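Asker: Okay, here's what each chain looks like letter by letter:
Number of protein chains: 2
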Amino acid sequence: MVLNFEKEKLVTELKKLKPKKVLVQLPEGIKQNASEIAEIIENLNIEVVFSGETAWGGCCISPQEAKNVGADLIVHFGHAKFIDIDFPILYMEVKDELNLHPLLQKSIKHLKNFKKIGISYSIQHKHDIDKIIRFYENEEKKVILSGKKGRVKYEGHIVGCQYSGLKAIEKDVDCFVIIGNQFHSMGAAISVEKPVVLVDVYNDKIRDMDGVREKILKQRAISIQKLKDARNVGIIQEEKLGQQFGTSEYLVDKLKEQDKNVILITMNELTPDKLMNFYNIDCFIVLACPRIPIDDFAKYEKPMVTFKEALVALGMKSWDEILKIGII
Amino acid sequence: MVLNFEKEKLVTELKKLKPKKVLVQLPEGIKQNASEIAEIIENLNIEVVFSGETAWGGCCISPQEAKNVGADLIVHFGHAKFIDIDFPILYMEVKDELNLHPLLQKSIKHLKNFKKIGISYSIQHKHDIDKIIRFYENEEKKVILSGKKGRVKYEGHIVGCQYSGLKAIEKDVDCFVIIGNQFHSMGAAISVEKPVVLVDVYNDKIRDMDGVREKILKQRAISIQKLKDARNVGIIQEEKLGQQFGTSEYLVDKLKEQDKNVILITMNELTPDKLMNFYNIDCFIVLACPRIPIDDFAKYEKPMVTFKEALVALGMKSWDEILKIGII
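Top to bottom, those sequences are chains D and F.
Quick note on numbering: the numbering used here labels position 137 of the first sequence as 137, and the sequence is numbered without any gaps.
Quick note on numbering: the numbering used here labels position 271 of the second sequence as 271, and the sequence is numbered without any gaps.
If you are wondering where the hints come from, they were derived from the structure by calculation, not from laboratory data.
Being a predicted model, the structure only gives us computed values, none of them experimental.
Check the hints yourself; a few may be wrong.
[What the hints assert, rightly or not] Which residues of chain D face chain F? A partial, calculated answer using Cβ under 10 Å:
1) Gly-29
2) Glu-36
3) Ile-37
[What the hints assert, rightly or not] Here are the simulated distance ranges between beta carbons:
4) F:Leu-103 to D:Glu-28: 41 to 51 Å
5) F:Arg-231 to D:Asp-253: 50 to 60 Å
6) D:His-101 to F:Gln-32: 50 to 60 Å
Glycine included, every Cβ here is placed at the ideal spot set by N, Cα and C.
With these hints in hand, go ahead and build the complete structure from the sequences.
Answerer: If you want it as C-alpha cells, here you go:
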C-alpha cells in the first residue's frame with residue numbers, strides 16, 4: 001500500500017465547510033496517522049478529536065459520538081459514503097497509489113481459462129480503475145464492472161455486506177477479479193458461484209478463492225442447525241446506524257412459537273469478550289454486520305447466525321432461496 | 001457467592017414505576033442470569049432489552065443506550081448509585097447471602113497483631129455489616145467503618161475509584177479489612193499505608209495484601225517517567241458519564257509547552273484491541289477510570305498514566321502530594 005490521504009483536498013474541504021470542531025474516524029490500519037492528520041486540521045484553527053472506536057467501514061458512523069464531544073463535522077477516512085444520516089460528514093476515501101501493474105501481470109496466469117471477467121475494487125483503487133480495465137483489455141479479456149447496487153457507491157465498488165452488484169453480472173462473466181483484500185474476496189466467494197480471483201494488494205499476491213465457498217457454507221449449515229436445536233436464544237442489535245440488518249419483532253414471535261426463550265441484547269460493538277458471560281445462551285442471532293457470524297465463526301464460543309440464516313432455521317425461507325439472493 | 005437478586009423487590013419497584021420498556025444492565029459475572037430476569041420483567045408486560053456492554057460499576061451508566069432502544073427506565077444490577085444523571089434508574093444492589101462466618105474466623109489469625117480494624121465492604125455484603133461488626137467485636141477488636149466520602153453511597157461501602165473514606169480513618173486503625181474481592185483490596189492497598197487484609201469472598205480465602213503497594217508504586221513511577229520521555233501523547237476520554245477523571249485542556253497546553261505532540265481520543269470503552277493501532281503514540285493519558293492504567297499495566301503495549309500521574313509527569317504536582325491524597 002502507498003496511501004495518499006489527499007491532504008490538500010482535506011484542507012480545501014475544511015476551509016469550505018468551516019467546522020469549529022471535528023471528530024475524525026480512521027480505519028484501524030491508518031490510526032497511526034492520527035498525529036499528522038491532527039496537525040493539518042489544527043493548523044486551520046479547528047479543534048480535533050479522534051474516535052478511538054473501530055471504523056471497519058462506512059457503516060461505522062456515529063453522530064452521537066460526534067455530538068458527545070461537541071463536534072460539528074465528522075471526517076471519515078478510508079471509506080465511501082454508505083448511508084444517509086442527519087449529521088454532516090466529510091468522506092476522505094484515501095487513494096492507494098501502489099503501482100498495481102506487477103500484480104495485475106501476475107494475475108494473468110490465474111485467468112488463462114477465462115475470457116470475460118467481472119471486476120470489483122475496494123475504494124482505495126477507484127482512481128486506478130480505468131488503467132485496470134485497459135490492462136485486462138490489452139490481455140484480450142472482456143471486462144465488466146460489478147453493478148452499483150444497494151449501498152455500494154460506485155460501479156465496480158465493493159463493500160463487505162453487499163454482493164448483489166456481483167450477482168447482477170454473474171451470468172455475463174466467466175470469473176470475478178477482486179482488487180483489494182481477503183475480506184472482500186471472501187464475501188464474493190460465498191456470494192457467487194463463478195470462480196473468484198483476488199488481487200491481494202495487502203499481501204502482494206494473487207489468490208484463487210477455490211474451496212472457500214464450500215468450507216464456509218458448511219459452517220453456516222452447522223450454525224443454522226444449532227439455532228434449530230437451541231433452547232435459549234439471544235438476539236443482538238448494534239447501535240451503529242449502518243449495521244442494522246433485519247428486525248427482531250419478526251423473529252421473537254417465531255422463536256417463542258417454537259418454545260425457545262429469547263432475550264434481546266443491545267451493543268455498541270459486538271466482541272467475543274462482551275458475549276462470553278452470557279453463558280446460558282445457546283445460540284445468538286446477529287442483526288448487526290452479517291460478516292461477524294460468518295467471518296468470526298471460530299472466534300466466538302457460541303454459534304451465531306445472521307438474520308437471513310435465522311429465517312432459514314425458523315422455516316420462513318429455504319436455504320436455496322437465500323443462496324439465490326446471496327447469503328450476505 | 002450465593003446471590004439474591006431480590007426478585008420480589010424488582011417486581012414491587014417495577015409495578016410502582018410502571019415503565020413501558022427497560023434497559024437492563026448486568027455486571028459481567030451475572031449476565032448468565034439474563035433469561036430469568038427477562039422472564040420476571042416480561043411477565044409484567046414490560047418490554048426488556050439487555051445491555052451487552054460491560055457494566056463494571058455504578059459508573060457504567062448510559063442513558064444514551066437506553067434512549068437508543070426506546071427504554072424509559074434503566075434497571076442496573078449489582079452496584080449502588082454512583083452519580084446523578086438525568087434519566088430514571090432503578091438500582092438493584094444484589095445481596096450475597098453466603099455465610100461469611102467461616103471466612104471471618106479464618107481472618108482472625110491474620111489480624112492477631114491488630115487491635116483496631118477499619119472495615120470496608122463491597123455492596124453485596126451491606127446487609128451483613130452488623131453481623132460482621134459484632135463478630136470482630138466479640139473477638140475483642142475495635143471496629144471502625146470507612147468513611148462515606150465522595151461517590152461511595154454508604155458508610156463502610158467501597159468502590160474502585162474512591163479510597164478517601166479509608167484514608168479518613170487511617171490514623172485511627174491498625175489495619176484494614178476488606179470484605180469483597182481482589183480489585184477493591186488492591187485499590188485499598190495502594191491508597192493507604194497501613195496493612196490491608198482481604199476477606200476474599202470469590203476465592204474463599206484470606207489474603208494479606210503485603211507487597212502489592214510497593215510493586216504497583218514502582219510500576220507507576222515507570223509509567224510517569226515514560227510520559228516525561230514521550231514525544232507523541234494521546235489523551236483518552238471515555239463517553240461513560242461516571243468515568244470522567246480530569247480535563248484535557250489543562251494538560252494539552254502543558255504538554256505542548258514541553259514540545260510534545262498531543263492527540264485527543266474519545267472512546268465508549270477503552271480496550272487493548274482498540275488502542276493497538278495507534279502505533280505512533282508513545283504514552284497515553286487516561287481520563288477515564290483510573291484503575292485501567294493501574295490494574296491493566298501488563299495488558300497494554302504502551303504506557304498509560306492517570307490524570308493525577310500526568311500532573312506529576314508535567315511537574316504540576318509532586319508524587320508525595322499525590323500519595324498523600326491517594327493515587328486513585
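Asker: If a hint holds in the structure, say so; if it doesn't, say that too.
Answerer: Tested hints:
no., hint, in the structure
1, Gly-29, "holds (7 Å)"
2, Glu-36, "holds (9 Å)"
3, Ile-37, "holds (9 Å)"
4, F:Leu-103 to D:Glu-28: 41 to 51 Å, "holds (46 Å)"
5, F:Arg-231 to D:Asp-253: 50 to 60 Å, "holds (58 Å)"
6, D:His-101 to F:Gln-32: 50 to 60 Å, "holds (56 Å)"
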